[in-house]
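A.B. asks: Here are the chains, one letter per residue:
Protein chains: 2
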Amino acid sequence: MKFELEKAIEILAQTPATVTTLLSSLSEDWTKTGGDQARWEAFDVVGHYIHGEETDWIPRARIILAQGENLTFVPFDRVAQFERSKGKTLAELLETFAELRRKNIETLRSWNLTEEQLKLKGIHPELGEVDLEQLLATWVVHDLNHIRQIVEALARKYSENVGVWKEYLSILK
Amino acid sequence: MKFELEKAIEILAQTPATVTTLLSSLSEDWTKTGGDQARWEAFDVVGHYIHGEETDWIPRARIILAQGENLTFVPFDRVAQFERSKGKTLAELLETFAELRRKNIETLRSWNLTEEQLKLKGIHPELGEVDLEQLLATWVVHDLNHIRQIVEALARKYSENVGVWKEYLSILK
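Chains as they are written, first to last, in the numbering used here: chain A, 1 to 173; chain B, 1 to 173.
Hints are not guaranteed to be accurate.
Given that identical chains are not distinguished, each listed pair holds provided it fits within a single copy or across any two copies.
Quick list of in silico lysine-lysine cross-link-like pairs, BS3-like style, CA-CA up to 27 Å [as the list claims (entries may be wrong)]:
| no. | residue 1 | residue 2 |
| --- | --- | --- |
| 1 | 32 | 121 |
| 2 | 121 | 86 |
| 3 | 88 | 121 |
| 4 | 88 | 7 |
| 5 | 86 | 173 |
| 6 | 7 | 121 |
| 7 | 173 | 103 |
| 8 | 166 | 86 |
| 9 | 88 | 173 |
| 10 | 88 | 2 |
| 11 | 119 | 88 |
| 12 | 88 | 166 |
| 13 | 166 | 7 |
| 14 | 86 | 119 |
| 15 | 86 | 7 |
| 16 | 7 | 119 |
Keep in mind that the hints were calculated from the coordinates and are not lab data. What you are looking at is a predicted structure, and each value in this text was computed from that prediction instead of being measured.
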C-alpha cells in the first residue's frame, strides 16, 4: 500500500483508544506485570508505548528533518518501562499514552510534510540509512506489533485451559 | 490462570468494542476484503466473529448442557463469512457482532453455571472429548487470536514501507 500520511495517522490515532478499550475493564490477573523482561505482560507493553512517544518516533523525525551534522539516532531502550512504570497503575499509563500520542500527532500534522521531506535520511544506530517515510511507517507497524503482543500475553493465561483446542489456536504457538 | 467465568466474560465483553475502536475510523484501504480465503483482511475476520456467535460457541454450549443422546457438535464453517458478509459494510458487521455478543453473554450469564456443569462433556467432530470450561476458554482465546489476525492484516499493508526496520518487526514475519 502506498504510504500516505493521513492513512498512517488513522492507525496512530486509534491505538491508545483501542488499547484502552481492550484493557481497562480487565482484572489485574490478566494485565499485571510479572517483571520479566523476556515475557512482557499488557502493563509492560503500555509502558513501552509511552517510552516510544517520549524518546523514539518524534525525536527521530526531528533529527531527520533538521538535517544537522549528526544524523544518527539515539539508541532506543526497549526495556526502559520495567523501571519507569514502577508504582504506576495501568489506568495511569493508558492516560499518559493517550495524551502523549495526541500531542505527537498534533506535532506531526503541524509539520505539513512534503514528499521531499519524507525522503530525507537519518542513520539508525544498528540498521544504517533510513528515511522519514520508513520511520513513520515503522511507527504504524510498531503500534500494531504491540497490540499483537498484548493479545498474545492475554491468550497465554489460558494456554492450558483450552485443552485439545490448543492445536487450532495459532496464538498459543 | 484458573478459569473463572466472570474473568472469561471480561475478555468476551470487550472484543466487539475493541475491534470497533480499532477499525471504525480506518479507510477501506486498510480493512476491505480481498475475497481471498487464505489471506483474511479485517472485514473477513469480523464476519467470522459473527458466524461464531451464531453457530459455534453458544450452540455448542447448549449441546453440552443438554447432555442429550448426540453430544457431537455440528462442524463449524470457518470461511462462511466470504459468502455471508457479501454486500455488507464493515460498520454493519461491527454492529451485528456487538449485538450478537451482547445477547450471547446475557445467555451465558443466565445459565448461572456451576463447577459441575463446567465439567460436562461434549464431542468435537475432529478433536474428540472436550468439556464446557474448555469450550468457554477457547471462545476467549479465539477472540484474542482474531484480534491478532486483524492487526497482522493491517501491518502487512506496510510490510515494504518500513524498509530495513522489517527485521525488528516480528509481526511482519
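A.B. asks: Now look at each hint and say whether the structure bears it out.
C.D. replies: Comparing the hints with the structure gives:
1. For the identical chains of this complex, residue 32 and residue 121 are neighbours neither inside a copy (39 Å) nor across copies (33 Å), given an alpha-carbon limit of 27 Å.
2. In the homo-oligomer, the alpha carbons of residue 121 and residue 86 never lie at most 27 Å apart, since the shortest distance is 36 Å inside one protomer and 44 Å across protomers.
3. With identical chains, the CA atoms of residue 88 and residue 121 are never at most 27 Å apart, being 37 Å at best within one copy and 43 Å at best between copies.
4. Taking the shortest alpha-carbon separations for residue 88 and residue 7, only the inter-copy value of 23 Å comes in at or below 27 Å, while the best intra-copy value is 33 Å.
5. Neither within a single protomer nor between protomers do residue 86 and residue 173 lie at most 27 Å apart by alpha-carbon distance, with minima of 30 Å and 32 Å respectively.
6. In this assembly of identical chains, the alpha carbons of residue 7 and residue 121 lie at most 27 Å apart only when taken from the same copy (22 Å versus 48 Å across copies).
7. In the homo-oligomer, the alpha carbons of residue 173 and residue 103 never lie at most 27 Å apart, since the shortest distance is 37 Å inside one protomer and 31 Å across protomers.
8. For the identical chains of this complex, residue 166 and residue 86 are neighbours neither inside a copy (34 Å) nor across copies (31 Å), given an alpha-carbon limit of 27 Å.
9. Proximity of residue 88 and residue 173 under a CA criterion of 27 Å is satisfied in neither setting, with 31 Å inside one chain copy and 33 Å between copies.
10. Taking the shortest alpha-carbon separations for residue 88 and residue 2, only the inter-copy value of 26 Å comes in at or below 27 Å, while the best intra-copy value is 39 Å.
11. In this homomeric assembly, residue 119 and residue 88 never come within 27 Å of each other (Cα to Cα): the closest approach is 39 Å inside a single copy and 39 Å across copies.
12. Within a single copy, residue 88 and residue 166 get their C-alpha atoms no closer than 34 Å, and across copies no closer than 32 Å, so neither meets the 27 Å cut-off.
13. Taking the shortest alpha-carbon separations for residue 166 and residue 7, only the inter-copy value of 19 Å comes in at or below 27 Å, while the best intra-copy value is 36 Å.
14. Neither within a single protomer nor between protomers do residue 86 and residue 119 lie at most 27 Å apart by alpha-carbon distance, with minima of 39 Å and 40 Å respectively.
15. In this assembly of identical chains, the alpha carbons of residue 86 and residue 7 lie at most 27 Å apart only when taken from different copies (25 Å versus 35 Å within one copy).
16. When the C-alpha separation of residue 7 and residue 119 is checked against a cutoff of 27 Å, the pair qualifies only within one copy, where the shortest distance is 18 Å, while the shortest distance between copies is 48 Å.
Checked against the numbered hints given earlier, this structure breaks hints 1, 2, 3, 5, 7, 8, 9, 11, 12, 14; the rest are met.
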